[in-house]
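Chains as they are written, first to last, in my numbering: chain A, 70 to 154; chain B, 718 to 907.
Watch out, some of these pointers could steer you wrong.
[Unchecked claim] According to the in silico footprint, chain A covers these stretches of chain B (three or more CB under 8 angstroms from chain A):
#	segment
1	726 to 733
2	773 to 787
3	804 to 818
4	828 to 835
5	866 to 875
It is worth saying that the hints were derived from the structure and are not from the lab. Don't be surprised by glycine CBs; every beta carbon is placed ideally from N, CA and C.
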Amino acid sequence: MTADATQKKYNCKDVEKKVQAFLDGRLAKEQVLHIEEHLDYCLPCDKKIEFEKKLRNLVKSKARENSHPSKLDLELKRIISAKKS
Amino acid sequence: MPTERQLEFESLVQPHLNSLYSTALRMTHNQNDAEDLVQDTLFKAFRAFDQYQKNTNFRAWAFRILVNTYITAYRKAIRQPQKVSYDDLEEFYLYKKLDETVALQETAKEDFLENFFEDDVKDALENLPYQFRLVVLLCDVEGFSYNEIANIIDAPLGTVMSRLYRGRKLLQRYLWNYAKEHGYVVNEQE
């Protein structure tokens with residue numbers, strides 16, 4: 070267990086420092102519990118985290134192409150049927 | 718008749734064409750170059766298919782080839798690093814800016830994100846320096862894990878994390894600049 074995980078309570082700065090790893094699911098169980106405990110009583114941090122989640126969803130949904138040019142399907146066919154040189 | 722090997726390759730790669738093309742498009746900025754990049758990737762992947770170990774992560778394997786192909790093709794452009802200032806770059810950047818600038822209610826802050834059009838988000842992403850853009854795309858758009866990304870871009874985990882964290886903060890700054898330019902925020906103090 071790291072010193073970090075044994076720490077009793079997280080403050081807003083701790084949450085801020087760990088927000089990305091927290092949202093990525095990269096924190097140890099104890100650290101997650103500390104953050105969740107903080108979010109239970111700290112409305113400003115809770116709001117910020119919710120905003121951050123929404124923002125991530127926005128990026129995920131808007132930055133992705135949901136199709137590809139049909140040319141690529143033809144190229145794929147061509148590539149796999151070409152003789153190995 | 719296609720051989721078993723050909724069919725196997727096709728069935729493995731087909732489900733990932735959208736993802737490969739999507740990432741290629743964000744990296745190259747235009748459709749023609751993205752098509753060329755994916756085409757080269759498919760060619761190299763098929764040629765190297767013997768080296769792919771069955772039942773391992775094909776998607777990450779294909780993306781690794783995409784990234785290598787991109788870096789080789791754009792070596793020259795990549796070598797000239799963009800000048801980016803990292804001053805004033807902190808967590809919750811966008812939220813804090815909104816907080817400082819406009820006297821918005823919480824609900825309005827959440828609604829604020831609804832303003833962004835697809836092109837705003839794409840442009841903001843495409844403005845990120847390539848090494849940041851790549852990890853943000855791989856993680857936040859394509860959903861790869863840190864370890865998968867480390868393998869795809871051939872970099873240590875620590876590098877992946879620092880680029881990802883920094884890239885996301887930069888992205889928030891760019892989105893904030895967009896919001897100001899496009900009038901999504903009106904500074905009530907002005």
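Right, here's what the structure says about each hint:
Coverage of the segment 726 to 733 of chain B by chain A holds [criterion: at least 3 residues with CB-CB distance below 8 angstroms; count 4]. Under the rule that three or more residues need a Cβ within less than 8 angstroms of chain A, the assignment of the segment 773 to 787 of chain B is violated, with 0 such residues. Note: the segment 804 to 818 of chain B has 5 residues with beta-carbon separation from chain A under 8 angstroms; the three-residue rule is met and the coverage holds. Only residues whose C-beta sits within less than 8 angstroms of a C-beta in chain A count toward coverage, and the segment 828 to 835 of chain B has 4 of them, enough to reach three; the restraint holds.
Counting residues of the segment 866 to 875 of chain B whose CB falls under 8 angstroms from any CB of chain A gives 0; the rule of at least 3 is not met.
Violated hints, listed in ascending order, are 2, 5; each of the other numbered hints is respected by the structure.
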